[in-house]
Each structure stands twice: as structure tokens, then as C-alpha cells.
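Novice: Could you build all of it, start to finish, from the sequences and the hints given here?
Below are the chains, spelled out letter by letter.
2 protein chains.
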Amino acid sequence: MSIIVQKFGGSSVANIERLELVADHIIREKEKGNQVVVVVSAQGKTTDKLITEEKEITDEPDKREHDVLVSTGEQITIAKLSMLLIKKGYKSVSLTGWQIPIITNSEYNNGRIRYIHNKTIEDYLNSDNIVVVAGFQGVDENGNITTLGRGGSDTTAVALAASLKAERCDIYTDVDGVFTSDPRIVKNVKQLSNVSYEEMLEMSSMGAKVLHNRCVEIGQKYNVPIYVKSTFEKESVGTLVSKNNLEDLVISGVTKDDYISRITIVGLENKIGKTYELFKILSNNRINVDVIVQSFGEYITKDIAFTVKMNDLNKTLQVLNENKDKIGAKDILHTENLSKVSIIGVGIANKPGVATGMFEALYENNINMHMITTSEIKISVLVNSNMADLAVKAIHEKFID
Amino acid sequence: MSIIVQKFGGSSVANIERLELVADHIIREKEKGNQVVVVVSAQGKTTDKLITEEKEITDEPDKREHDVLVSTGEQITIAKLSMLLIKKGYKSVSLTGWQIPIITNSEYNNGRIRYIHNKTIEDYLNSDNIVVVAGFQGVDENGNITTLGRGGSDTTAVALAASLKAERCDIYTDVDGVFTSDPRIVKNVKQLSNVSYEEMLEMSSMGAKVLHNRCVEIGQKYNVPIYVKSTFEKESVGTLVSKNNLEDLVISGVTKDDYISRITIVGLENKIGKTYELFKILSNNRINVDVIVQSFGEYITKDIAFTVKMNDLNKTLQVLNENKDKIGAKDILHTENLSKVSIIGVGIANKPGVATGMFEALYENNINMHMITTSEIKISVLVNSNMADLAVKAIHEKFID
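In order, the protein sequence lines correspond to chains A and B.
Read in order, the letters of the first sequence correspond to residues 1 to 401 in the numbering used here.
Read in order, the letters of the second sequence correspond to residues 1 to 401 in the numbering used here.
Treat the hints with caution; some may be incorrect.
Where chains are identical, the list cannot tell them apart; a pair therefore holds if satisfied intra-copy or between any two copies.
When the alpha-carbon atoms are kept at most 20 Å apart in a straight line, the in silico SDA-like pairs for lysine to any residue are as follows [claimed, not checked]:
1) Lys87 <-> Thr58
2) Lys330 <-> Tyr90
3) Lys326 <-> Thr264
4) Lys87 <-> Glu54
Honestly, the hints are just simulated from the structure, not real lab data.
Specialist: Here it is in C-alpha cells:
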């Protein structure tokens with residue numbers, strides 16, 4: 001008998017009508033002879049409502065108590081869904097994070113799963129129960145309630161699937177699956193039937209973001225096939241995220257990140273340790289750097305360019321100027337309002353035509369590139385933000401349409 | 001250092017303004033140098049709201065899942081109250097039933113406390129924390145969430161006080177304390193400054209019901225002094241429920257129970273086992289009998305009268321008639337719409353004047369008595385319901401006014 005883990009987010013369980021739809025999906029898997037573990041989020045706006053009430057009390061809630069408060073949201077959903085399944089004639093039991101238990105570290109509001117005890121769930125599955133699990137929550141080794149932070153319920157689902165050696169993990173959401181680009185920018189987006197973990201991770205910035213990187217990383221590490229499906233479409237084919245991209249399609253997506261600025265350090269002394277010193281200063285000031293490009297260091301000086309988010313720009317410039325002497329740079333330049341446009345696909349590295357095609361599409365549309373970086377499965381270029389949508393469309397058209 | 005347990009009910013924690021009042025009561029005890037354990041209920045209508053939502057799903061919710069659902073109400077309150085205390089500069093930690101743990105049997109919706117582990121609470125108290133506990137809930141030995149049923153939060157508070165050997169348990173409520181009668185019937189009710197556990201148990205049916213019998217019974221068993229106080233009156237003197245009634249007052253209260261019917265079994269064979277058989281039939285049919293009076297059995301037949309709640313009357317008569325031959329009664333009579341009026345006070349048994357005074361008060365007001373029963377601390381009479389308020393007033397006036 002196979003174990004299937006299904007996960008339903010907040011909008012999928014928002015009210016009784018939607019819980020009925022969710023029950024249909026669950027029962028369909030159960031009737032196929034599978035053992036079913038269901039992970040759910042808090043209903044609709046429940047968490048927002050609790051946080052609004054919390055703000056009436058304090059702007060800086062104690063982190064431990066915050067987790068005690070918000071973890072009630074998922075507990076309400078599991079009880080309701082479980083009693084609905086029982087009413088429909090199925091054996092079902094709900095389990096909170098501490099009942100399983102899902103053991104996390106003690107970082108409140110942003111816990112990391114350490115391990116999951118399978119026995120309680122397995123015993124219930126073996127006595128024919130549908131097990132309904134509260135997502136987003138765990139318990140630390142001292143019995144304190146923790147929550148997992150962003151992407152928490154997806155992470156619970158994939159981690160459970162890994163721990164229970166489930167056949168697959170189905171993430172039900174309000175979109176049909178993973179698409180080749182953001183449908184708000186590109187008209188002819190295509191739904192991907194397959195995508196690899198690596199590609200999914202690279203596509204995390206995609207407008208139609210469907211899976212949090214944390215859960216994809218766990219899926220990759222433990223090789224859990226993840227299906228992204230629609231709760232609301234009965235015949236949803238969905239997208240399979242797994243080890244290999246089984247499709248012929250070289251390009252799995254074209255994505256865009258906005259609000260990027262580029263900083264160029266001109267005339268840095270070409271000496272061992274100088275680059276390290278520069279980025280140590282930035283990380284000590286909690287500035288996240290994304291892309292880094294360095295000119296080849298064959299001369300006495302070199303130039304380094306990197307990108308930061310627009311809202312980190314002022315702080316970055318301030319920190320760099322305060323440390324200008326220490327860094328020993330000739331000049332610090334910056335360019336604002338850039339976007340990073342990327343093309344993603346397994347095997348891009350081995351297909352030189354992809355880069356050429358991408359540059360061609362941009363050239364044909366008179367779009368200037370401020371920086372180029374490439375990886376095994378991704379080519380990214382920086383363009384002016386006002387040209388970014390056009391760039392996405394042009395590249396999508398060249399490769400996918 | 002003394003441990004004080006304080007309990008605040010749903011209306012006392014209904015909103016942020018009231019939580020502030022509650023925090024004042026807590027901080028006052030803490031500033032006196034006490035270790036403070038606080039037990040709270042769900043806020044205001046939270047539990048009702050959850051049950052309304054539950055009814056949308058099913059009319060017969062699974063009992064286990066019902067407890068998972070409603071126990072979230074208290075969990076929300078403990079987190080909020082604890083973060084409020086932390087904001088005010090105090091160390092505080094919230095604990096759910098399973099975190100302590102409060103171990104109960106596995107009877108969902110109506111769990112009974114088996115034992116309480118003190119260590120977690122004591123450790124937090126010893127590191128200067130105010131410990132905020134979710135009332136009404138526990139966990140069974142298999143890690144299932146249970147709730148304690150009616151009077152649950154009061155029961156949690158008094159049981160914790162007993163287990164922690166607290167100096168006392170303060171039950172904060174929306175009335176000032178325990179009164180000699182129902183203020184809606186009698187004008188000149190007096191607040192009692194002291195009342196014994198026994199008297200409090202006998203007064204449980206009092207209109208102004210303030211303490212559930214379960215918590216009084218635990219208080220009696222472990223000799224926990226219980227103070228009933230008002231959350232909303234800063235200078236509330238309250239009523240102390242303890243081993244002894246320390247007051248001179250012989251009479252501590254006059255109470256009334258409505259919706260009672262009396263059934264008389266006429267001509268029951270005066271043979272050993274016949275009475276047992278009668279009441280076995282009733283209990284097998286889950287009929288609760290309150291007062292029982294039997295005529296002295298010196299003849300071949302005897303009469304037995306007993307009372308049941310009005311809404312059990314039809315079922316009782318049906319059961320009795322079905323078993324008429326087995327019981328061997330000549331006739332089964334009944335009287336509807338009666339009330340039980342009681343006078344309560346330690347030492348009544350040794351003061352024959354009390355019964356006389358009570359009967360006199362009824363005679364003076366032309367009130368007929370259908371049945372009389374007495375105990376060590378209570379004398380009850382059945383009267384027609386339409387005369388019950390007058391009876392309470394007349395008796396109260398004779399003894400207390």
C-alpha cells in the first residue's frame with residue numbers, strides 16, 4: 001500500500017464548501033487503496049485575524065507566545081476536516097505538530113524541522129485512518145510550540161512525505177501547476193507537466209510562485225516527487241517536480257525579478273583577501289548580495305560588480321563609503337531600477353544556442369544588457385526595469401511559443 | 001514564597017480592555033512577592049463561535065475532534081495574556097494542558113483529571129515567571145487532547161492549586177461573591193464572607209451560581225481555600241469557601257430549584273430487593289432521581305416518592321408503566337410543576353428551631369409542602385412552583401434579613 005501526502009493551503013480550506021472539495025480529493029486517493037496523510041493550513045484569513053488581535057496587545061509580541069497563538073489556526077482546520085471525513089463515513093484522526101511529534105529547533109517563528117517521528121502516523125494509517133496533520137507547526141525538544149515561518153505548510157508536507165517514504169506529495173493550490181512564465185506578462189504561457197527540482201528552485205522568483213524553496217530543497221534532498229495541482233479543477237493534470245525534467249523542452253521557464261540595483265567597485269587592488277574583505281563588510285551589515293561578477297584579475301586593479309535589492313541600496317552605499325579606505329577602491333558606482341530576466345532549463349549549459357537566442361531576442365527589441373551571468377541551468381541578464389516585461393515576452397516567444 | 005492560583009473566566013478576558021484589568025489583578029499578587037499561576041478560559045464568545053462553525057460541518061461531531069477544535073479557544077487566551085504581561089515588563093510563559101501536562105482519562109468532552117505534573121510549572125515559577133495556564137483542557141495518556149466539560153476551567157484552577165499546594169485559589173468572576181439567595185428573587189440578599197465546602201455544594205443550584213460542584217469537591221478533598229471575587233471591582237472582598245464556616249450565621253443560604261415533578265409509587269410490596277429493583281430500572285434508563293422519601297416499612301406494602309426533572313417525567317412514567325408488573329406497585333401517581341426550596345447552613349441538624357422556623361414561614365404565607373427532606377446541613381421542601389419565589393423570600397426574611 002502506498003502513502004500519499006496531500007497538502008491544502010489556506011484558500012483551499014477557507015470555508016465549508018471548500019472543505020467539501022478538499023474531502024473529495026482526499027477520498028479519491030483513499031478509495032484507490034492508498035494510505036492518505038493530509039496537511040492543511042489555517043483557514044482563509046484566520047492567521048491574519050489572530051495577528052491583528054495580537055497587534056492590539058503589542059507591536060513586539062514575545063516570539064514564543066506568538067507561536068502559541070498562531071498555531072491554533074491550523075489546529076482548528078485539522079479538527080474540522082477530520083470530523084467532516086468521519087461524517088462521510090471514513091476513519092480519520094487529526095494530529096498537531098506536537099502530537100506526531102515534528103521536532104524542530106527552538107527558533108520561534110522560523111523553526112527548522114530536525115526530525116519527524118513516524119510511529120504515531122503509521123499506527124493510525126495502519127488502522128485505516130486518514131491522518132490530518134496541522135501544517136506550519138512543530139515542537140522543540142523542551143515541549144515548546146514552534147512555527148516554521150514562510151512556506152511552512154508546504155515544508156511540513158514534503159518533510160512528512162520524505163520521512164514516511166511516501167510515493168509522492170501533492171501540493172493543492174489555486175493555480176493549475178507551474179507555468180513557463182508569469183501569465184500576467186506573457187500571453188502564451190504553457191503549463192509544464194514536468195520540471196526538475198533545480199529548475200523549480202531557479203524559478204522561485206517566478207510571478208506565479210507556487211512552491212517555497214524550502215520545500216523544494218527537502219524534496220530534492222530526499223527525492224520526493226511533488227505534484228502541484230489545482231484544488232478547484234477536478235481534472236487538474238498539474239506539474240510534477242522531480243529529479244529529472246522528463247520533457248524534451250530545453251527551456252522550462254522565463255522569469256523576472258524587479259527592484260534590483262547594481263553596484264560597481266572600480267579599481268579594487270588586485271590582492272588576495274581584498275574581495276573577501278569587501279563581502280565580509282557587506283554581510284556584517286546584513287546586506288544580501290545576489291549576483292556577483294568580477295573582471296579577470298590580471299592587472300594591478302580589478303572591478304567588481306554585484307546586485308542588491310533596491311531597498312538595500314542606500315544602506316549599501318553608506319556602508320561602502322564608510323569603508324572606502326579600507327576597501328581601497330578608486331570609485332563606487334551604482335545603477336538603479338534594473339530587473340533580472342532569466343531563462344531556465346536543464347542542459348542550458350550544454351546548448352550554446354540558448355544564450356545566443358536569448359541575446360538575439362533582446363537585441364531585436366533594442367534592450368540593453370547591464371550584466372550577464374550563467375549557471376548550469378540558468379542564464380540571467382540585467383536590463384532596465386521598464387524593458388523587463390518586453391524582454392520576458394521576447395525570450396518566451398523565441399523559445400516556447 | 002507562596003503560590004497563588006488565579007482563575008479568570010471567559011467574560012473576564014473577553015477583550016483587550018478586560019485583559020488589562022486581569023493583568024492588574026495578576027501583577028498585584030506578583031508584586032506582593034507571590035508566585036502566581038493564572039488559569040484562563042476562552043475569550044467571550046470564542047467557544048460558541050467554534051461550535052457554530054462545527055455545526056455547519058456536522059450535528060454529531062466526533063468527540064475527539066471536538067476537543068481538538070474547542071481547546072484552541074483557551075490556547076489563544078494564554079498566548080495573548082502572557083504577551084501582555086511580558087509587554088508590561090514581567091517574565092511570563094503560557095502552558096497548554098499537554099505542556100504541563102494535566103493528565104486526564106480518555107473521556108472526550110468530559111475528561112476527569114488523573115494527575116498533574118508539577119515540575120514544568122514549578123521550574124518556570126522558580127525562574128520568576130508568571131505561568132498562564134489554559135483551563136478546561138488536558139491530555140490523555142496516549143497524547144490525545146481532552147476537555148473537562150462543564151465547570152472545566154474552575155476545576156483546572158482548583159486542581160492546580162491542590163497539586164501545587166498553593167496558599168489559595170482565587171476564582172475571579174462577574175459577581176462579587178456568594179450570596180444568601182438569588183438577588184433576582186430576594187431583595188435583601190447578603191454577601192457571605194465565609195462559607196464551607198459542604199454549604200457551597202448544597203447551594204450549587206442557587207440562581208447566582210458561581211462555582212461548579214466539581215471544583216468545590218476537589219477543594220474540599222485537598223483543603224484548598226477558594227476565594228470567589230469580582231474581576232471588575234477593585235476592592236472586591238469576595239467570599240472564602242473553605243473547611244469551616246467561620247461566621248456566626250447559622251443559615252448561609254436559601255435556594256430554589258424549579259421544574260421538578262414528584263412521582264409516588266403506591267402499594268409497593270414490602271420485601272427486600274423491591275426498592276433496589278425499582279431504582280435499577282430507572283438508572284438503566286438513565287433517569288436521574290433527586291430526592292427519595294420512603295414511608296416506614298412496617299406493613300405488607302409501602303409507598304415510595306421521588307423527584308425527577310420535569311423533562312424526564314414522560315420517559316419516567318413510560319418506563320414505570322412498562323415495568324409495572326415487575327415492580328408490583330398498586331398505583332403510580334405524579335405531581336407536576338413543583339419547586340424545591342432549601343435552607344442551607346452548617347449545624348442545621350443540631351438546631352431544631354431552623355426546621356420549625358422554615359415551616360412557620362411557609363405556613364404564614366399559606367404555602368403547602370409536598371415533601372420534606374433533611375440532611376446535616378440542608379432542609380428542603382417541595383412546593384408548587386408558582387409559590388416558590390414567595391417561599392424563598394419568606395424564609396430568607398425569617399432567618400437572614
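Novice: Does each hint fit the structure? Answer for all of them.
Specialist: Results of checking the hints against the structure:
Proximity of Lys87 and Thr58 under a CA criterion of 20 Å is satisfied inter-copy only: 7 Å between copies versus 41 Å inside one chain copy. Within a single copy, Lys330 and Tyr90 get their C-alpha atoms no closer than 72 Å, and across copies no closer than 52 Å, so neither meets the 20 Å cut-off. Taking CA atoms no more than 20 Å apart as the test, Lys326 paired with Thr264 passes inside one copy only; the shortest distance there is 16 Å, against 102 Å between copies. Within a single copy, Lys87 and Glu54 get their C-alpha atoms only as close as 34 Å, which misses the 20 Å cut-off; across copies the closest is 12 Å, which meets it.
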